[in-house]
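Please build the complete structure, drawing on both the sequences and the hints.
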Amino acid sequence: MRKKVVSLPTEPRRFPPLYRTVANNDDGLESRSYVPGSLDIPVSDPLNDRPGANPEQFIGLALSTCLNATLEAIERRDHLPHTAKVHTIVEMARDVRGFQFYLTAEVMLPGVDEKRAKAMIDLAERRCPVAKLMQGQPNVQVKLVANFTPVRPISN
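Taking the working numbering, the leading residue of the sequence shown gets 1446, the next gets one more, and so forth.
Bear in mind the hints are in silico, worked out from the structure with no lab data behind them. Beta carbons are placed, not taken as given, at the ideal position from N, Cα and C, and that holds for glycine. Among these hints, one or two may not hold up.
Stated by the list, open to error - Per label pair, the in silico range of CB-to-CB distance:
id : residue 1 : residue 2 : range
1  : Pro1457   : Leu1568   : 22 to 28 Å
2  : Asp1485   : Lys1577   : 17 to 23 Å
3  : Asn1592   : Arg1571   : 24 to 30 Å
See below:
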């Protein structure tokens, strides 16, 4: 069953930015991505053997980190220890227009009963800015798990 997507208005005057940064890539996939004065990361195509991170890894890290930070805030609000763990499986596939991603964020909440854990995950999905950007996308799933799925790389 699909969740109803609630569209939130973009109102920068009413909700001014609290943080701003810029993430740059000036030369494409076989180069570097950087945040001036902070990160400088070599990047490469995930379908070759060259060293470097790729967009698939960045989007997975963004969802895992933001969702877990949001769960941490919920745990703190509920006076629970921070036990949440989020692993996001990112897959890239060809489609009729090029490529697409499949994201599955698996969430473990040790020590939290299933009903409460599902409620916490639902709230986190509605609060996490990265999850909200992906809201309603059929290729994105967030689910509670007892154990993380073993992930085997796909070879070329």
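Verification of the hints:
1. At roughly 25 Å, the beta carbons of Pro1457 and Leu1568 sit within the given window of 22 to 28 Å.
2. For the pair Asp1485 and Lys1577, the beta carbons lie near 28 Å from each other, so the given range of 17 to 23 Å is not met.
3. About 26 Å separates the C-beta atoms of Asn1592 and Arg1571, a value consistent with the hinted range of 24 to 30 Å.
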